[in-house]
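2 protein chains.
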Amino acid sequence: MTQATAPTQSTESHEGSGSTHPLVAKHADVLEQATAALAARSYFSRYPESPSPRVYGESAAADGQAAYESLLDKAFGALGTVATDGAWVGEETSPYGPALGITYPHLDLDAAVAAAEEAMPVWRDAGARTRAAVCVEIIEGINRRSFEIAHSVMHTTGQPFVMAFQAAGPHAQDRALEAVVAGLVEQERVPASVVWEKPGKDRQGNPALLRMQKDYRIVPRGLALVIGCNTFPTWNAYPGIFASLVTGNPVIVKPHPHAILPLAISVAVAREVLAAAGFSPDLVQLAPEADGEGLAKVLAERDEVRIIDYTGGPAFGAWLEEAGAASGKLVYTEKAGVNSIVVDSTDNLRGVLGNLAFSLTLYSGQMCTTPQNIYVPREGISTDEGPVSFEEFGEKLAAAVGKLTGDDAKAVELLGATVNDGVRANAGGLADLAEEADGTVVLDSRAVAHPTWPDAVVRAPGLVSLDASREDIYTQECFGPVTFLIATSGTDQSLAQFRDTVREHGAMTAAVYSTDEDVLDAARDAAADAGVALSENLTGQVFVNQTAAFSDFHGTGANPAANAAYTDAAFVASRFRVVTSRRHVE
Amino acid sequence: MTQATAPTQSTESHEGSGSTHPLVAKHADVLEQATAALAARSYFSRYPESPSPRVYGESAAADGQAAYESLLDKAFGALGTVATDGAWVGEETSPYGPALGITYPHLDLDAAVAAAEEAMPVWRDAGARTRAAVCVEIIEGINRRSFEIAHSVMHTTGQPFVMAFQAAGPHAQDRALEAVVAGLVEQERVPASVVWEKPGKDRQGNPALLRMQKDYRIVPRGLALVIGCNTFPTWNAYPGIFASLVTGNPVIVKPHPHAILPLAISVAVAREVLAAAGFSPDLVQLAPEADGEGLAKVLAERDEVRIIDYTGGPAFGAWLEEAGAASGKLVYTEKAGVNSIVVDSTDNLRGVLGNLAFSLTLYSGQMCTTPQNIYVPREGISTDEGPVSFEEFGEKLAAAVGKLTGDDAKAVELLGATVNDGVRANAGGLADLAEEADGTVVLDSRAVAHPTWPDAVVRAPGLVSLDASREDIYTQECFGPVTFLIATSGTDQSLAQFRDTVREHGAMTAAVYSTDEDVLDAARDAAADAGVALSENLTGQVFVNQTAAFSDFHGTGANPAANAAYTDAAFVASRFRVVTSRRHVE
Chain U
1 MTQATAPTQS TESHEGSGST HPLVAKHADV LEQATAALAA RSYFSRYPES PSPRVYGESA
61 AADGQAAYES LLDKAFGALG TVATDGAWVG EETSPYGPAL GITYPHLDLD AAVAAAEEAM
121 PVWRDAGART RAAVCVEIIE GINRRSFEIA HSVMHTTGQP FVMAFQAAGP HAQDRALEAV
181 VAGLVEQERV PASVVWEKPG KDRQGNPALL RMQKDYRIVP RGLALVIGCN TFPTWNAYPG
241 IFASLVTGNP VIVKPHPHAI LPLAISVAVA REVLAAAGFS PDLVQLAPEA DGEGLAKVLA
301 ERDEVRIIDY TGGPAFGAWL EEAGAASGKL VYTEKAGVNS IVVDSTDNLR GVLGNLAFSL
361 TLYSGQMCTT PQNIYVPREG ISTDEGPVSF EEFGEKLAAA VGKLTGDDAK AVELLGATVN
421 DGVRANAGGL ADLAEEADGT VVLDSRAVAH PTWPDAVVRA PGLVSLDASR EDIYTQECFG
481 PVTFLIATSG TDQSLAQFRD TVREHGAMTA AVYSTDEDVL DAARDAAADA GVALSENLTG
541 QVFVNQTAAF SDFHGTGANP AANAAYTDAA FVASRFRVVT SRRHVE
Chain Y
1 MTQATAPTQS TESHEGSGST HPLVAKHADV LEQATAALAA RSYFSRYPES PSPRVYGESA
61 AADGQAAYES LLDKAFGALG TVATDGAWVG EETSPYGPAL GITYPHLDLD AAVAAAEEAM
121 PVWRDAGART RAAVCVEIIE GINRRSFEIA HSVMHTTGQP FVMAFQAAGP HAQDRALEAV
181 VAGLVEQERV PASVVWEKPG KDRQGNPALL RMQKDYRIVP RGLALVIGCN TFPTWNAYPG
241 IFASLVTGNP VIVKPHPHAI LPLAISVAVA REVLAAAGFS PDLVQLAPEA DGEGLAKVLA
301 ERDEVRIIDY TGGPAFGAWL EEAGAASGKL VYTEKAGVNS IVVDSTDNLR GVLGNLAFSL
361 TLYSGQMCTT PQNIYVPREG ISTDEGPVSF EEFGEKLAAA VGKLTGDDAK AVELLGATVN
421 DGVRANAGGL ADLAEEADGT VVLDSRAVAH PTWPDAVVRA PGLVSLDASR EDIYTQECFG
481 PVTFLIATSG TDQSLAQFRD TVREHGAMTA AVYSTDEDVL DAARDAAADA GVALSENLTG
541 QVFVNQTAAF SDFHGTGANP AANAAYTDAA FVASRFRVVT SRRHVE
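Respectively, the protein sequence lines represent chains U and Y. Read in order, the letters of the first sequence are residues 1 to 586 in the UniProt record's numbering. Read in order, the letters of the second sequence are residues 1 to 586 in the UniProt record's numbering.
The reader is advised that the hints may include incorrect statements.
Chain copies aren't distinguished; within one or between two, either way the pair holds.
As a list, the in silico SDA-like pairs of lysine to any residue whose alpha-carbon atoms are at most 20 Å apart [what the hints assert, rightly or not]:
# : residue 1 : residue 2
1 : Lys-297   : Glu-322
2 : Lys-201   : Glu-49
3 : Lys-201   : Val-55
4 : Lys-297   : Ala-326
If you are wondering where the hints come from, they were derived from the structure by calculation, not from laboratory data. Bear in mind that the values here come from a model prediction, so they are computed numbers and not experimental data.
Make the full structure from the sequences, and use the hints.
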């Protein structure tokens with residue numbers, strides 16, 4: 001009896017209560033473009049990745065450096081009035097040598113949580129589109145400070161400057177915008193209001209419509225906590241910050257104690273924009289900690305925290321996933337894994353070696369996406385330069401790395417500086433590692449002298465070859481400039497080991513080199529089984545450790561390295577809920 | 001340098017590998033209609049809710065009853081070849097009296113899990129649209145057995161027949177279809193393939209496009225477990241079953257040991273359709289248990305299980321949320337809460353009383369959506385019949401219930417039978433409850449004699465009035481035909497208690513009666529804060545305990561009663577992942 005076609009329906013979109021916020025019109029175009037790009041997963045970038053003066057202005061580089069230097073050796077005051085307990089914390093030291101000497105106001109957590117919760121209802125009721133527009137305004141403000149942020153990232157992570165500019169600036173800003181439109185689209189999939197008309201009968205049995213108006217209200221999940229990491233403080237934090245913010249949740253940002261400044265600047269911009277737009281700046285708060293305070297755990301255990309985004313080590317990440325999820329919090333993690341490459345054959349050996357060498361060299365292998373395990377058949381591979389044995393492949397890759405990093409002054413612009421003692425120990429321990437693995441040091445990690453920053457510890461990539469049977473060694477993450485060349489019985493074993501180690505230990509990235517379509521198909525199947533994205537035959541300017549916002553997912557959520565992906569619907573859909581109210585209408 | 005407009009992009013949709021499955025064309029229209037309805041949240045129903053012979057055919061009712069009766073007192077053989085350990089289990093007894101006498105093949109769990117995992121890759125690679133079409137074919141097959149399922153539900157849940165037909169038949173089928181299209185839409189939001197073109201430069205510095213083909217592959221999360229409940233075995237299980245299945249995951253259905261048959265028939269249909277469509281029937285398996293076996297926990301603890309959907313008691317639900325989430329499983333629960341109604345004023349007292357009386361009476365209050373707490377100002381309310389005191393309101397509601405349930409033969413067609421001893425104890429304990437609460441039994445729960453099924457224990461709704469200060473009593477769920485009339489200091493306190501108790505104890509439904517727009521606004525705010533859907537001034541044929549598929553969400557996921565909603569994007573988006581493969585193209 002209910003099969004009739006529904007009559008005309010009126011629907012309207014979420015506008016929020018009250019009149020339209022002026023930022024909605026200002027950023028309508030960018031939201032439209034970014035939304036279309038995300039749906040198509042086509043090429044899109046709003047923020048130019050080149051630090052060229054033709055793009056950012058003649059004085060931008062110098063102004064940014066001066067702005068960064070003006071922050072050093074003093075208290076960071078740009079956060080405005082915050083819910084502080086009066087303490088000032090911060091002991092950042094540049095991997096390039098100097099101490100930053102900056103202190104930040106330490107939060108009074110009870111007051112900070114109360115301020116966040118007080119700020120939430122107005123933000124909630126502003127509506128999804130206003131929130132998205134305010135988020136874009138924040139990102140635009142962050143973009144204008146890209147040079148300042150680049151210096152802050154260089155001197156907290158050890159990234160080389162150009163990489164710090166690109167990855168922590170425009171690339172991170174594009175990921176932020178991606179999270180904003182992902183969240184906006186998700187909220188706007190539910191209409192704000194609909195008139196629902198069910199064919200029925202009145203009390204006399206005559207046909208009559210049952211008509212109801214139903215209003216769908218977006219309600220945020222609650223206070224969000226974003227826990228930043230040392231190596232990519234902005235790139236890995238922005239997706240969580242903006243995904244939570246655009247869906248109505250206030251955010252507390254807990255930076256890594258060694259990389260506070262990039263997020264402090266970002267949070268300061270957010271607070272200024274929020275206040276100027278008529279909202280409470282306490283929708284985004286910075287929670288710096290003294291080294292060793294353990295603030296992430298304290299915050300994660302607070303009942304008010306309902307969402308946690310985390311990038312960092314696997315032990316704490318696993319604890320968060322367990323303890324957070326067990327208490328009903330949404331927990332999104334990116335931890336660590338063993339990024340893998342299967343080398344089967346190539347018609348462009350030079351391209352393979354150049355591409356791989358660059359991937360290993362960039363930031364001294366300190367990217368969560370840097371390849372660690374390279375599987376090569378013991379019998380060697382076929383190439384456009386003829387057969388290449390396992391040993392020859394290692395020698396050639398070592399030579400390519402050597403060529404790329406041979407000149408100290410040029411090398412440091414790719415390598416940056418080592419971020420911590422763990423990386424330095426890994427880089428310095430190749431001989432011991434090879435001995436333990438019954439393997440060979442194919443290329444030792446060279447100590448590079450930095451011409452500008454003599455205190456920086458800079459390390460070029462090292463290569464250790466070992467047998468595929470030594471899973472005990474190569475299934476452990478060895479963070480930094482250490483890569484394993486793993487001798488297999490052939491590509492079948494390479495693919496099997498790739499699939500099995502990623503399933504068990506996780507990976508953010510994977511790649512395959514082959515001229516054989518059957519091998520590529522098998523690699524795609526292995527990648528699907530392992531739940532990791534696959535790059536095929538990269539020999540040019542695209543590298544396995546880089547993903548493009550709006551098109552490539554970062555992580556899949558399908559293997560132990562990360563339970564989330566930047567940015568799919570699953571990353572945003574649970575950050576808000578929908579509450580309906582319904583009533584009869586004439 | 002990356003600001004140029006993207007060139008033309010080619011995208012294609014997920015078709016799966018190989019040729020198009022014939023069911024895709026067969027069900028294209030229904031998928032299109034249902035998808036449009038879900039996006040608009042407008043009125044839509046595919047499966048007629050009336051058990052009329054004009055809709056289902058002259059012989060459908062008799063045939064369905066005969067089919068049901070033919071299943072009694074024997075082994076259930078319709079599941080075909082299953083991964084059984086050889087045991088046969090099942091001790092269902094109808095709440096109307098008779099033992100069903102049916103036994104079901106008990107699974108060998110290792111073999112069942114292996115069969116499910118073996119079935120997954122082909123199902124994964126079939127593609128989202130083929131899976132959706134196969135799911136529709138299953139639901140159509142289930143719909144054709146609506147009368148048989150209605151009898152099976154009546155005799156496992158105690159629902160009256162017409163309700164069993166509607167709620168466990170067409171309404172559940174509509175919810176199943178809703179889950180299918182929700183999952184389909186979510187998967188198809190990601191294109192199957194795109195050519196990505198980034199403006200760049202070649203080695204000579206001339207403009208050149210960086211072109212890559214990127215393929216996005218949907219990969220299922222893994223084995224799904226659906227744990228059914230006693231009172232709504234199909235309605236509450238179908239969303240999880242079909243949400244997991246359409247997103248590529250095999251499903252093990254663990255029915256409540258007292259309500260196996262409705263899901264056994266459903267699973268049998270699914271297995272037949274899957275096999276006929278060329279897939280492994282083991283994509284859907286039934287895991288019946290002997291009473292007290294604790295199979296839900298055993299299954300939930302298996303590593304292979306990656307998704308759990310649960311409806312049932314809060315203690316086990318909370319354990320699942322903790323233990324399941326802690327081990328990285330997706331866990332969707334619907335537990336219990338204190339559904340609440342705020343009565344402030346009305347211009348249609350008769351309509352209020354009739355509507356409320358029906359809501360309390362239907363299935364003897366054994367719906368997870370039945371109101372439990374009715375807040376009424378101690379001073380009374382204003383109505384179209386003049387001022388009505390708190391006591392008068394209680395008397396009038398009692399009279400309305402009495403009128404609706406006064407005739408035993410008619411009453412049982414609404415009340416059905418009590419499902420278990422807990423409900424019977426609650427119904428029989430009103431005097432003690434009132435004494436403990438310093439309250440009053442306004443209406444005792446009347447024992448109704450069933451004219452057809454003398455062994456059925458049938459209870460009409462009872463009402464206990466008590467003071468708002470006795471939260472210790474009314475914040476506990478008292479499942480069954482027991483409703484509290486709570487005397488408050490006024491509507492402000494009613495709304496505050498409503499908000500606070502739902503935030504803390506959860507609710508599936510809420511309603512308000514008021515002629516005052518300010519009160520309605522305040523109620524909407526309280527409902528948003530509490531995270532519960534609100535029905536306003538229901539005085540006609542729509543009841544607070546009923547939701548419409550495709551338009552109303554069932555649950556919100558925003559209060560402790562349920563962490564999920566039927567069916568929002570959050571319910572489906574995490575059940576699959578996307579694995580990209582990318583390569584350069586000319």
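**Prompt:** Is it within, between, both, or neither for Lys-201 and Val-55, if the alpha carbons may be no more than 20 Å apart?
**Reply:** Between copies, since 16 Å is at most 20 Å while 67 Å is not.
Practice task
If the cutoff is 20 Å on CA atoms, where do Lys-297 and Glu-322 land: within, between, both or neither? Let me know, please.
Solution key: Both, since 12 Å and 18 Å are each at most 20 Å.
Q: Measure nothing new, just compare the shortest in-copy and cross-copy C-alpha distances for Lys-201 and Glu-49 to 20 Å and report within, between, both or neither.
A: This pair counts as between: shortest inter-copy Cα distance 14 Å, intra-copy 63 Å.
| said: Within a copy, between copies, both or neither: which one fits Lys-297 and Ala-326 at a CA-CA cutoff of 20 Å? | reply: Both ways: Lys-297 and Ala-326 sit 14 Å apart in one copy and 16 Å across, limit 20 Å.
Going down the numbered hints, you'll see the structure goes against none, and every one checks out.
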